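*Asks:* As a plain string of letters, each chain reads:
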Amino acid sequence: DTGVSQDPRHKITKRGQNVTFRCDPISEHNRLYWYRQTLGQGPEFLTYFQNEAQLEKSRLLSDRFSAERPKGSFSTLEIQRTEQGDSAMYLCASSLLGLAGRVGDTQYFGPGTRLTVL
Amino acid sequence: AQSVAQPEDQVNVAEGNPLTVKCTYSVSGNPYLFWYVQYPNRGLQFLLKYITGDNLVKGSYGFEAEFNKSQTSFHLKKPSALVSDSALYFCAVRDIVRNFNKFYFGSGTKLNVKP
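Protein chains in written order, with the working numbering: chain A, 1 to 118; chain B, 1 to 115.
Be a bit skeptical, because a hint or two may be false.
Simulated pairs of lysine to aspartate or glutamate, DMTMM-like, Cα-Cα distance not exceeding 25 Å [said to hold, decoys possible]:
{"id": "1", "chain 1": "B", "residue 1": "Lys110", "chain 2": "A", "residue 2": "Asp63"}
{"id": "2", "chain 1": "A", "residue 1": "Lys71", "chain 2": "A", "residue 2": "Asp24"}
{"id": "3", "chain 1": "B", "residue 1": "Lys114", "chain 2": "A", "residue 2": "Glu44"}
{"id": "4", "chain 1": "B", "residue 1": "Lys102", "chain 2": "A", "residue 2": "Glu44"}
Think of the hints as simulated: they come from the structure by calculation, not from any bench. All values derive from a computational prediction rather than experimental measurement.
Take these sequences, add in the hints, and give me the full structure.
*Replies:* What follows is the structure, encoded as structure tokens:
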């Protein structure tokens with residue numbers, strides 16, 4: 001299967017601990033996105049990479065959050081000093097910016113990492 | 001501000017009946033519109049999208065959606081619902097004028113298809 005994969009699928013941590021999530025996009029996709037989804041809500045955009053460059057960050061992404069995509073392939077999302085309010089599903093998506101330019105690149109989502117902060 | 005609204009938290013339909021899940025949007029310029037489905041403890045699966053052209057878009061699993069510019073709507077439809085269609089459905093819009101990389105999702109509509 002060549003879909004988007006995320007690891008771990010579930011993470012339980014204590015408040016104040018650091019956590020790191022990994023996302024492996026579809027192999028030829030050059031764009032990668034992170035979203036956060038809380039219960040009863042749609043996904044909220046966090047940040048976006050094109051290749052290895054982080055081109056946009058949401059105001060939701062506080063200083064405790066950092067994301068990297070060092071080689072333009074997999075990405076990591078780290079949350080430092082976790083808070084109970086960080087409990088959510090963290091979704092990764094990827095897309096391909098093709099020759100057609102920005103038109104219509106569909107985002108394909110991974111299964112998500114569910115974070116519970118105690 | 002860019003936004004997507006799904007006015008119904010839940011839609012109930014009997015198996016075999018047609019279904020409609022509503023979505024309205026508010027963006028500057030022409031929108032790119034998407035529908036995704038989410039099963040429990042799973043990520044979002046792409047169903048269909050509208051970019052340009054025919055206002056009726058056909059997608060996966062027999063779903064289709066109708067783009068209506070005057071009503072700023074993009075309702076998801078299926079002629080005959082299946083119990084297996086029961087899931088959470090999200091409408092999303094990508095604003096190509098202000099920020100073409102960002103998706104704005106609705107709050108989701110839970111579809112219940114009863115046998």
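*Asks:* Quick one: which hint numbers does this structure break? Sort them smallest to largest.
*Replies:* Structure breaks hints 1 and 3.
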